[in-house]
Amino acid sequence: MDIQEVLKLAEELIYEHTGENLDYLQKTILQRTLENQTYKKIAEETYASETHVRYIGSKLWKTLSEILGENITKTNFRTILENANIYTIASALAFGRDNVTNNFNICPSNPRTSPTTTNPPQKPTQNIIDLDKAPEIINFYGRTDELSTLSKWIVSDRFRVISLLGISGIGKTTLSLQLIKQIKTNFNYIIYRTLRFSPTLTTTLTNLLQIFAPETETSDNIETLISQLQKYLEKYRCCIIFDDVQKLFAAGKLAGQYKSGYEDYRDFFQLLVTVSHQSCLLLISREKIPEITKLETENYPVRTLILGSLGAAVNEICQKHQLVDRESWEKLINNYQGNPRWLDIVATTIQELFSGQVGGFMEYETLILPEALQAELEQQFENLSPMEIRVMEQIANQSQPISIGEIIRKSELSIQESVNVIQSLKKRLLLDGQLENNLTVFTLNPVWKQYFKNKQE
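The sequence shown begins at 1 in the numbering used here and counts up one residue at a time.
Errors might be hidden in some of the hints.
To be verified - Simulated restraints on C-beta separations:
hint : residue 1 : residue 2 : range
1    : E50       : T203      : 30 to 38 angstroms
2    : S58       : N36       : 16 to 24 angstroms
3    : S58       : P290      : 31 to 39 angstroms
4    : Q182      : N36       : 32 to 40 angstroms
5    : E363      : N454      : 13 to 21 angstroms
6    : Q210      : E365      : 50 to 58 angstroms
7    : D130      : E363      : 44 to 52 angstroms
8    : E393      : E223      : 40 to 48 angstroms
Everything labelled a hint here was simulated from the structure, so no lab data went into it.
These numbers come from a predicted model, not from an experiment.
For glycine and all other residues, C-beta sits at the position ideal for the given N, C-alpha and C.
The whole structure should be built from the sequences, with the hints applied where relevant.
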């Protein structure tokens, strides 16, 4: 028997005995054991601790020992299954256990003709895609590289948690929904949920569990809910998308601080990174998620993708709005950071008030912020802390990039406060840093710079 035959047989025996499919870690332990790998190597591959891998392995050997009536260990696992009468095992699978011993009978005699075995269901009868309250994709531009990266991370590399970050309007949600079209055949469940209205973790988990088991009553205990969801994430290949994660963070404070009563999300996100399962959680946010950033530096199976300018693909927006002065498009795109929603708003204004003439719109020294764009920035402004506002006002008034020392002097904040504020603004993706003459300097993008100038007038 080759490795895959032994592995398949072991899976079928365990399913018949327990009624449960093997999760990702269990399958990996069995397969790598057949390849003579150590627990240490398996732990490195699965990003689990060696102690945890040994514990799961010992449970597997115990289960198989109960099924086969043999003392099975990591060392003899393959030998016993290869020497066993496969026909008899298949018959036991088909017709049930021995009524006396509750074990399957194994006979070391020569096998008969190749048997047919019934395969246990490994997934739901059809893939389930639940996109409750997901916006409709009207237009999708470019992002082929980003799609490829996300698809690889999720499908091939099997990272457990991925954060998709970017400023408002850059296309995070649209990209994630387009991604579903590419990866849907690789999952049993794909679920999209927005956290825009800040549901409690209990509410979110209850909602998810109703998708997996609609008829089952859910608990009010948060630990029980998490444990129940974990079982489904282990049993099935699931992709869960949480949008608007920044809505879990407190307004008026530095970035990444959870609202009171929402701290359990932090523990939940950490758990899905550090505990083995075969699913993926995609977190979409305007701000970096502190625990994800920390775990990424510790070599856990987690990745972050920050969306920048849409690049040349944004020309399609200019074409859609029938803008002219094509030679001015590049400057227009750069001024508005290649942000598709911002440019859509601006292009509408150019068409309505300037007859599509980009040059006419840009002949003014002041960067024009249409009302819809101003309102969008205002919403984000309301989340900033007083110290962040003070620093952004100072940077907005500078014609050149500004150093930390200048920020401290102009804002009258302490060194510690200034460092904390700069880190917070970078977590919000609102501050750009660059190295000039061996000195790190900071600047705001033109849109935010103009926004603060408008507020000061």
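Which numbered hints are broken by the structure, listed smallest first?
When the structure is compared with the hints, none of them turns out to be violated.
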